[in-house]
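Protein chains in written order, with full-length UniProt numbering: chain A, 1 to 243; chain B, 1 to 243; chain C, 1 to 243; chain D, 1 to 243; chain E, 1 to 243; chain F, 1 to 243.
The hints are simulated quantities; they were obtained by calculation from the structure and are not laboratory data.
Quick caveat: nothing in here was measured; it's all calculated off a predicted structure.
Positions of the beta carbon are idealized from the N, C-alpha and C atoms, including for glycine.
It cannot be assumed that every hint is accurate.
Below, computed lysine to aspartate or glutamate pairings styled on DMTMM-like, alpha-carbon distance capped at 20 Å [as the list claims (entries may be wrong)]: (1) C/LYS222 x C/GLU196; (2) D/LYS53 x D/GLU68; (3) B/LYS29 x A/ASP241; (4) E/LYS28 x F/ASP241; (5) B/LYS150 x E/GLU200; (6) F/LYS28 x F/GLU75; (7) B/LYS4 x A/GLU169; (8) D/LYS222 x C/ASP241; (9) E/LYS222 x F/ASP241; (10) A/LYS119 x E/GLU169; (11) A/LYS214 x E/ASP56; (12) E/LYS29 x E/GLU180; (13) E/LYS29 x F/ASP241; (14) A/LYS119 x A/GLU68; (15) C/LYS28 x D/ASP241.
The calculated label-pair distances, taken between Cβ atoms and stated as ranges, are [said to hold, decoys possible]: (16) E/ASP95 x B/GLN149: 29 to 35 Å; (17) E/SER243 x A/HIS197: 22 to 28 Å; (18) E/LYS29 x B/GLU80: 58 to 64 Å; (19) F/SER243 x C/ASP241: 51 to 57 Å; (20) A/LYS119 x E/THR58: 34 to 40 Å; (21) C/LYS150 x D/GLN226: 24 to 30 Å.
As a plain string of letters, each chain reads:
6 protein chains.
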Amino acid sequence: MTEKSMLVVSAHSADFVWRAGGAIALHKKNGYRVKVVCLSFGERGESAKLWRKGPDMTIEKVKAARREEALAAAEILGAECEFFDLGDYPLRVSDEALLRLVDVYRDVQPAFVLSHSQKDPYNFDHPLAMHVAQEARIIAQAEGHNPGQKIVGAPPVYAFEPHQTEQCEWIPNTFLDITEVWDVKRRAIECMAGQEHLWEYYTRVAQQRGVQAKRNIGIAAKRDIQYAEGYMRLTPAVVGDLS
Amino acid sequence: MTEKSMLVVSAHSADFVWRAGGAIALHKKNGYRVKVVCLSFGERGESAKLWRKGPDMTIEKVKAARREEALAAAEILGAECEFFDLGDYPLRVSDEALLRLVDVYRDVQPAFVLSHSQKDPYNFDHPLAMHVAQEARIIAQAEGHNPGQKIVGAPPVYAFEPHQTEQCEWIPNTFLDITEVWDVKRRAIECMAGQEHLWEYYTRVAQQRGVQAKRNIGIAAKRDIQYAEGYMRLTPAVVGDLS
Amino acid sequence: MTEKSMLVVSAHSADFVWRAGGAIALHKKNGYRVKVVCLSFGERGESAKLWRKGPDMTIEKVKAARREEALAAAEILGAECEFFDLGDYPLRVSDEALLRLVDVYRDVQPAFVLSHSQKDPYNFDHPLAMHVAQEARIIAQAEGHNPGQKIVGAPPVYAFEPHQTEQCEWIPNTFLDITEVWDVKRRAIECMAGQEHLWEYYTRVAQQRGVQAKRNIGIAAKRDIQYAEGYMRLTPAVVGDLS
Amino acid sequence: MTEKSMLVVSAHSADFVWRAGGAIALHKKNGYRVKVVCLSFGERGESAKLWRKGPDMTIEKVKAARREEALAAAEILGAECEFFDLGDYPLRVSDEALLRLVDVYRDVQPAFVLSHSQKDPYNFDHPLAMHVAQEARIIAQAEGHNPGQKIVGAPPVYAFEPHQTEQCEWIPNTFLDITEVWDVKRRAIECMAGQEHLWEYYTRVAQQRGVQAKRNIGIAAKRDIQYAEGYMRLTPAVVGDLS
Amino acid sequence: MTEKSMLVVSAHSADFVWRAGGAIALHKKNGYRVKVVCLSFGERGESAKLWRKGPDMTIEKVKAARREEALAAAEILGAECEFFDLGDYPLRVSDEALLRLVDVYRDVQPAFVLSHSQKDPYNFDHPLAMHVAQEARIIAQAEGHNPGQKIVGAPPVYAFEPHQTEQCEWIPNTFLDITEVWDVKRRAIECMAGQEHLWEYYTRVAQQRGVQAKRNIGIAAKRDIQYAEGYMRLTPAVVGDLS
Amino acid sequence: MTEKSMLVVSAHSADFVWRAGGAIALHKKNGYRVKVVCLSFGERGESAKLWRKGPDMTIEKVKAARREEALAAAEILGAECEFFDLGDYPLRVSDEALLRLVDVYRDVQPAFVLSHSQKDPYNFDHPLAMHVAQEARIIAQAEGHNPGQKIVGAPPVYAFEPHQTEQCEWIPNTFLDITEVWDVKRRAIECMAGQEHLWEYYTRVAQQRGVQAKRNIGIAAKRDIQYAEGYMRLTPAVVGDLS
């Protein structure tokens with residue numbers, strides 16, 4: 001049987017850790033191949049601590065540091081990382097980059113796709129990443145694009161949790177129980193030396209989502225959920241049972 | 001192991017057939033106990049053909065005919081039917097009736113619940129039925145309601161398809177493949193002698209949803225879907241795998 | 001040929017003047033029968049000036065004064081007025097009152113219906129009036145309600161303009177050119193002696209909507225529009241030409 | 001008197017047939033000039049059957065086949081077709097192409113405009129086509145664009161029906177009765193040899209919309225509606241009568 | 001100068017502590033009179049721990065325990081508490097109770113009002129409490145209600161934070177810095193012996209809102225915010241400066 | 001202490017006068033530095049009167065006339081004006097222009113920012129201006145953009161009033177009392193010789209918003225408001241008092 005796989009499209013090189021680290025570790029554990037595409041390193045907009053190190057800091061040094069952190073985290077989580085290095089603040093995605101992402105889809109044949117929320121007034125790179133993730137998925141489904149290649153099916157698309165959920169009109173209609181891989185996610189988080197102030201923040205996010213997930217299966221349920229990740233599924237589910 | 005069960009809350013006595021007949025037949029086939037609560041018979045607002053039979057028609061005769069049709073359909077589908085006989089156009093639900101529905105929840109302990117869309121500008125009985133279905137579910141979860149009884153968990157709530165979906169702001173985020181039980185649903189539909197004009201209409205609904213469900217698993221998928229029902233899931237899912 | 005007719009459901013006795021006076025005068029001029037139902041007199045919540053006249057003022061005196069104003073305005077506009085006297089702040093509509101409104105529908109057989117916006121955070125009587133106008137319409141369509149009576153068709157429902165449109169999520173998708181009857185509406189407005197501070201306000205509303213209506217037919221169009229009323233049509237149109 | 005005209009902006013060369021074929025045939029019959037702009041041929045994303053013919057297939061052959069089908073359908077419907085050939089999956093519209101569409105507006109002076117829904121998670125070319133249709137309309141209204149040319153007025157803009165309406169947040173506020181031209185639309189549909197699997201699908205769409213249109217004029221109304229098209233009107237109507 | 005005051009309308013007797021405890025403590029510290037109305041004790045739906053104490057538990061004992069906890073918390077926070085004892089799961093508010101709340105408004109003359117979110121699929125008592133809070137406010141503004149009493153102005157209305165914010169369509173457009181009174185709120189929280197599992201949950205809520213509030217003033221700002229409460233302001237602000 | 005400042009991003013050279021003239025005059029009076037960026041002159045789409053002067057009119061003449069009017073208005077209001085001259089109908093903003101706007105942010109360090117509504121079906125230049133205003137603000141916050149420069153904080157963003165508010169989904173959650181500077185705004189408005197038809201329109205807008213603002217502080221409040229501007233605040237407020 002073919003190995004199942006999943007795809008994460010991350011605007012900046014750390015996003016996949018905070019927001020989808022649990023999903024990556026859990027599916028990896030369950031036998032999935034995990035591919036992460038980082039559209040940029042977040043070198044300008046999400047590396048404040050590095051820039052404050054002094055006037056000797058350069059964009060190349062920041063990118064190198066960010067790449068190193070991302071690779072360390074990806075290794076812990078069990079993901080392959082590909083860096084598109086498209087720049088950030090603002091991120092811009094050319095049609096060439098879009099088609100490169102289509103190639104990734106065709107290669108990975110993901111069972112599902114994770115990316116950012118469709119709206120984020122605090123960060124315009126994030127919705128663009130999701131837009132590109134969706135547009136590439138549609139092109140990857142087209143028989144007339146690189147005819148002869150295997151097209152992709154209709155992998156469900158999920159938006160992972162943004163920083164200020166309500167302002168982003170992001171609603172978690174799916175909770176993923178990550179209790180059994182929480183320690184892995186936490187270790188990956190700790191690779192993000194430049195954003196230490198966020199470690200506890202995202203630990204609390206996982207705890208709150210854990211409590212909510214528990215409530216959504218009923219407090220009397222036997223399953224204990226300590227940590228969870230919330231996702232907003234954008235595409236309909238096709239099922240054979242409603243429970 | 002305990003038998004699984006499902007609950008359908010239907011504003012009028014025929015609604016469960018058109019809108020959830022496939023789900024009922026399919027889950028019955030798969031071993032579920034199926035309970036249907038009909039809040040009214042639809043005797044005033046959805047029995048035009050009966051009323052046109054002439055001046056001898058009475059409300060009691062209409063209700064008896066509607067009950068008979070509903071029971072015949074329920075038998076084909078494999079559901080137990082309970083009639084609350086609360087009147088229609090307008091449906092009104094007293095707190096006493098609400099608590100009777102809570103008793104049904106406690107008794108049935110459903111794995112999931114189906115009812116109407118939360119908005120329906122063409123029919124105010126429908127949203128009320130859903131409101132009551134949700135409120136009874138919440139009360140059935142309360143430890144202080146009839147202490148000592150077994151409380152219910154957090155069964156997912158789904159809205160089945162209304163007549164004019166877009167006007168009802170109803171979005172099908174879940175498709176149920178009912179191909180293998182379509183003939184059962186069609187036979188149940190044909191019990192609705194008073195609304196024969198709708199037989200073909202709802203057959204076409206099932207075909208359209210079948211095409212859409214197929215598209216949402218990808219046209220290259222092996223599974224063939226001829227008939228489907230659309231549902232709008234209102235409560236978050238808690239899962240262990242995102243594919 | 002039968003006379004065409006229209007129905008206005010007004011929460012308080014002055015609402016129909018400010019908000020639909022132009023529509024009433026225009027359709028009256030064009031041969032319509034116009035029926036207005038005032039659910040209350042607005043005696044508690046919209047009669048501040050009367051109450052300030054001193055401690056001798058009583059609820060009955062306020063209602064009498066409001067009735068007189070409403071009748072004077074209705075006469076100028078050409079409408080029949082029926083007062084349900086259900087009380088205001090809060091308005092409450094019993095099922096008995098609802099069925100009385102159903103009788104009005106059956107009697108009037110309106111070509112279209114006007115009432116309040118579906119949301120109004122400043123005034124909870126307004127959305128209730130619209131809710132009742134819609135529910136009565138649905139019941140009036142039911143063959144099983146007073147069998148033998150002529151049922152109503154599917155008259156379009158419009159929400160007229162609330163005081164603070166944006167807060168009410170009211171969007172004018174229909175502009176009615178009332179230029180030719182503006183003087184009639186203004187005279188009717190001036191019957192509202194107790195709310196003189198609103199005369200200029202609603203004159204400006206009509207002017208602004210006139211400018212906007214003009215813009216929506218194109219500034220190069222020959223038709224001149226000085227005054228208009230905005231409406232939010234809630235029900236779909238069925239047409240034979242899209243221009 | 002000048003001939004009236006209408007404009008359709010179609011993302012791919014077949015869209016106008018499935019989605020607006022009835023409107024085209026009906027208005028043509030009633031004396032309108034009908035202009036269709038096809039932004040692309042749908043050669044990559046909507047020509048799966050052609051691509052499956054084998055490795056000899058080329059993009060130019062697909063485009064030629066799609067053009068032929070579209071022209072055949074257009075002839076049956078009575079429309080003039082102009083192909084912009086901008087490519088699909090992804091469609092991209094340069095400012096040059098946008099201004100070419102402005103020229104079409106100025107030339108055609110349409111009484112109304114039809115294009116795609118403003119959102120479509122299954123197809124990003126569709127919303128772009130509507131965006132361009134609206135932007136070109138606005139520029140065509142500007143006196144400073146090619147001064148001296150006759151500017152356009154404010155033609156109403158309608159979104160025709162997408163494949164999965166609810167996911168597209170498309171709400172049909174206007175139904176067009178196409179019963180009398182249904183046979184014409186069906187013949188045009190049958191020109192789409194490459195998408196035969198959709199013939200019955202769109203026939204059922206027309207039947208469902210017919211039933212709904214009938215319901216929206218009231219089941220007691222004399223007019224019989226067998227087939228209809230749904231439209232979402234985006235621009236306000238300016239009227240002289242509300243019935 | 002008159003003392004300023006604020007009003008909190010709480011569906012159950014503990015809600016005001018978790019959700020508005022910081023606002024109460026802070027405004028009390030700054031000289032406000034704080035009035036809390038508890039519509040019910042939450043005796044059936046939010047007292048699971050008490051009910052599990054055994055078969056000797058009665059509704060009266062639960063109510064007494066809940067009242068005691070609420071009073072202890074209110075004393076720490078500095079609020080006056082009034083219990084309407086209307087029952088919960090389901091909460092029902094008669095017109096008599098509504099008018100009692102109007103009396104509270106007239107007496108307190110609040111500078112602003114806090115209550116629940118307008119939607120909450122997990123708890124139907126919460127939106128009802130907000131509905132009543134708003135309707136009572138409107139009646140309290142009416143000159144014709146108890147003429148001669150001092151009417152209330154237009155106090156802003158805020159919805160405090162519900163348990164699952166996104167599902168409730170609650171968006172925090174206002175953050176209140178409660179750092180300086182956090183210890184007071186925490187002590188009040190600890191009075192809720194029956195819901196100890198929520199202590200840490202709501203501590204984390206305050207920390208997360210603190211981080212977000214800090215971000216919304218800019219990370220470079222000097223003000224340090226450790227704890228905050230989020231509010232959704234429902235009524236427009238009228239200001240003299242936009243910064 | 002440093003002078004406070006505000007920034008206005010105007011799509012066309014007259015927008016800032018009609019829509020934010022009161023805010024500019026008021027804050028200027030209160031000691032603010034006011035900077036206005038005009039992305040275009042509105043030379044093609046909003047200068048109809050100039051173009052009608054005859055065939056000798058050129059784009060350069062129109063731009064010169066518009067610049068002169070804008071400068072005259074800005075002088076009356078007390079604002080500095082910078083013209084980006086990017087063209088209109090359609091406005092297009094290159095990344096170079098975006099970064100020029102970032103420079104303005106860094107230089108001005110605004111306490112708040114005003115621009116257009118996020119949606120405007122009548123004018124696609126307007127939402128683009130707001131988008132750019134927001135994206136530039138985000139980049140100006142990034143430490144990695146021109147490291148060493150002083151980054152900006154988190155200035156609140158407001159959308160000023162569009163022409164047809166409801167169609168633009170613009171909701172005024174903030175009213176600014178401009179009574180004391182109304183005469184200044186009116187004089188600035190009168191500089192717009194080419195759009196004299198709008199003078200009275202925007203005077204009425206200010207009067208209507210004045211009435212509404214008054215209602216939102218309570219009709220019994222002492223403060224008299226004759227003229228106001230409505231704003232839609234897009235970013236959360238962080239406050240220390242809720243009244």
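The hints, checked one at a time:
Distance restraint check for C/LYS222 and C/GLU196: the Cα-Cα separation of roughly 35 Å exceeds the 20 Å cut-off, and the hinted pair is therefore not satisfied. Only pairs whose Cα atoms come within 20 Å are accepted, and D/LYS53 paired with D/GLU68 is accepted, the gap being roughly 17 Å. For a cut-off of 20 Å, the pair hint linking B/LYS29 to A/ASP241 stands: about 11 Å separates their Cα positions. Taken as a hint, the E/LYS28 and F/ASP241 pair is honoured in the structure, with Cα atoms around 11 Å apart against an allowance of 20 Å.
Of the supplied pair hints, the one linking B/LYS150 and E/GLU200 is violated, its CA atoms being roughly 28 Å apart against a limit of 20 Å. With a C-alpha separation of about 11 Å, the suggested pairing of F/LYS28 with F/GLU75 holds against the 20 Å cut-off. With a CA separation close to 35 Å, the supplied pair B/LYS4 and A/GLU169 exceeds the 20 Å bound. For the given pair, D/LYS222 sits about 19 Å from C/ASP241 by alpha-carbon distance, which is consistent with the 20 Å threshold.
Only pairs whose Cα atoms come within 20 Å are accepted, and E/LYS222 paired with F/ASP241 is accepted, the gap being roughly 19 Å. Distance check on the hinted pair: A/LYS119 and E/GLU169 sit about 15 Å apart at the alpha-carbon level, within 20 Å; holds. For the proposed pair A/LYS214 and E/ASP56, the alpha carbon gap of about 29 Å is over 20 Å, so the pair is violated. The suggested pairing of E/LYS29 with E/GLU180 holds, with an alpha-carbon distance near 10 Å, which does not exceed 20 Å.
Straight-line distance between C-alpha atoms of E/LYS29 and F/ASP241 comes to about 11 Å, which keeps the hinted pair within the 20 Å bound. Note on A/LYS119 and A/GLU68: the hinted pairing is violated, with a Cα-Cα distance of about 29 Å set against a maximum of 20 Å. At most 20 Å may separate the alpha-carbon atoms for a hinted pair to count; C/LYS28 and D/ASP241 meet this at roughly 11 Å. A hinted range of 29 to 35 Å holds for the C-beta pair E/ASP95 and B/GLN149, which are about 33 Å apart.
Our hint of 22 to 28 Å for E/SER243 and A/HIS197 holds, since their Cβ atoms are close to 27 Å apart. Between E/LYS29 and B/GLU80 the C-beta distance comes to about 60 Å, which sits within the given range of 58 to 64 Å. Separation of F/SER243 from C/ASP241 is about 56 Å and conforms to the stated range, judged on CB atoms against 51 to 57 Å. The given range of 34 to 40 Å is broken by A/LYS119 and E/THR58, whose C-beta atoms sit roughly 50 Å from each other.
The given range of 24 to 30 Å is respected by C/LYS150 and D/GLN226, whose C-beta atoms sit roughly 26 Å from each other.
Comparing the model with each earlier hint shows violations of hints 1, 5, 7, 11, 14 and 20; every other hint is respected.
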